[in-house]
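Between the sequences and the hints, there should be enough to build the whole structure, so can you do that?
Top line first, the protein sequences correspond to chains A and B. Under my numbering, the first residue of the first sequence carries the number 1, and numbering increases by one thereafter. Under my numbering, the first residue of the second sequence carries the number 1, and numbering increases by one thereafter.
Take the hints with a grain of salt, since some may be wrong.
[Unchecked claim] With a Cα cut of at most 25 Å, we get these calculated DSS-like pairs of lysine-lysine:
| hint | chain 1 | residue 1 | chain 2 | residue 2 |
| --- | --- | --- | --- | --- |
| 1 | A | Lys-93 | B | Lys-35 |
| 2 | A | Lys-96 | B | Lys-115 |
| 3 | A | Lys-108 | A | Lys-96 |
[As the list claims (entries may be wrong)] Which chain B residues face chain A? A few, computed with CB under 8 Å, are given here:
| hint | residue |
| --- | --- |
| 4 | Ile-14 |
| 5 | Lys-26 |
| 6 | Phe-27 |
| 7 | His-57 |
| 8 | Ala-98 |
Note that these hints are calculated values from the structure, not bench results. These numbers come from a predicted model, not from an experiment. Backbone N, C-alpha and C fix where the C-beta goes; we use that ideal spot for every residue, glycine too.
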Amino acid sequence: MFAAENGLKGDPRLEAISQAIRVVPHFPKKGIMFQDITTLLLDHKAFQDTVDIFVDRYRNMDISVVAGIEARGFMFGPSIALAIGAKFVPLRKPKKLPGTRTKYHAGKVICEEYELEYGTDCLEMQVDAVQPGDRALIVDDLVATGGTLSAAIRLLERMGAQVVECGCVVGLPEVKGQCRLNGKPVYILVEPREIDNCRHDISSEFLNVQCSG
Amino acid sequence: MVFLLTGIEARGFIFGPPIALAIGAKFVPLRKPKKLPGEVISEEYTLEYGSDRLEMHVGAVNKGERALVVDDLIATGGTLCAAMNLLERAGAEIVECACLIELPELKGRDRLHGKPLHVLVEYH
Chain A
1 MFAAENGLKG DPRLEAISQA IRVVPHFPKK GIMFQDITTL LLDHKAFQDT VDIFVDRYRN
61 MDISVVAGIE ARGFMFGPSI ALAIGAKFVP LRKPKKLPGT RTKYHAGKVI CEEYELEYGT
121 DCLEMQVDAV QPGDRALIVD DLVATGGTLS AAIRLLERMG AQVVECGCVV GLPEVKGQCR
181 LNGKPVYILV EPREIDNCRH DISSEFLNVQ CSG
Chain B
1 MVFLLTGIEA RGFIFGPPIA LAIGAKFVPL RKPKKLPGEV ISEEYTLEYG SDRLEMHVGA
61 VNKGERALVV DDLIATGGTL CAAMNLLERA GAEIVECACL IELPELKGRD RLHGKPLHVL
121 VEYH
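Quick look at the structure:
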């Protein structure tokens, strides 16, 4: 579900957040209009507003754990966790988290496979990070196909946590129709922008190449 | 007054942004190669075996801006040193490096261009 259609219609913060995100064409490959949130992080007010909108939504939902997906989910998740009194759990690419890999939970790190365009990848979580009964929010910068988020949901559920919602700054239109992933709601602040709507008060040198249509 | 705070991928991303938000600074991620879209500057640094690279966006830092570098841990200081090089090449004035954990025996502190290091805990 998109924030503008769920209580934040006309909220000027959403437009500012959208404008603060830089669009980089053909990255990482031709045809992809990459939504670069690093420019959002340079805009303190827009970055704070992003965190505040999520915090306002989740502070009274009894969330005990915020899980952030490596690496851009790490840029938003911890601030939300701190503000709502939840623990933060990083969900990481393979072999980054210390611990024994095991299929049967008896060890320290579990792994969940998900599909890429070509091949598969794996998302990992430490077994002891989450307990049965934990109520979880999963955070990432962007949701496209939902493959990574689905893997994150499965990781948390395998350890007995209840996933309450997934929160993303940017959500691709494909997600709009089915606002649930594995039956879990996805809350999105803004849609991706096209190249023409670029912000010009951030150093034009920084945005120039990408903005000149 | 600090204007920007850089965090080193990936554990620096966990601690850096909340600090940046709290002090009113912008946050600049320093990343492994090919993760940042658009134009970047890049700094190589040596590992125990081989080398690696750290990248930063061109235009994220303005000349003369005061900067902090944040990471979870300092060991030999190689990564932090590379981070500082990137910032200085972009014209920033580094105020301090801050880490949760220091491994003092590895003397990383000596590789920080004479800049101060603030740590919360030491591990011997």
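Evaluation of the provided hints:
1. A:Lys-93 to B:Lys-35: holds, 14 Å
2. A:Lys-96 to B:Lys-115: violated, 30 Å
3. A:Lys-108 to A:Lys-96: holds, 13 Å
4. Ile-14: holds, 5 Å
5. Lys-26: Hint on B:Lys-26: holds, closest Cβ of chain A at ~4 Å, below 8 Å.
6. Phe-27: Hint holds; B:Phe-27 Cβ to chain A Cβ min 4 Å, cut 8 Å.
7. His-57: holds, 6 Å
8. Ala-98: Violated, about 15 Å.
Checked against the numbered hints listed earlier, the structure breaks hints 2 and 8; every other hint is satisfied.
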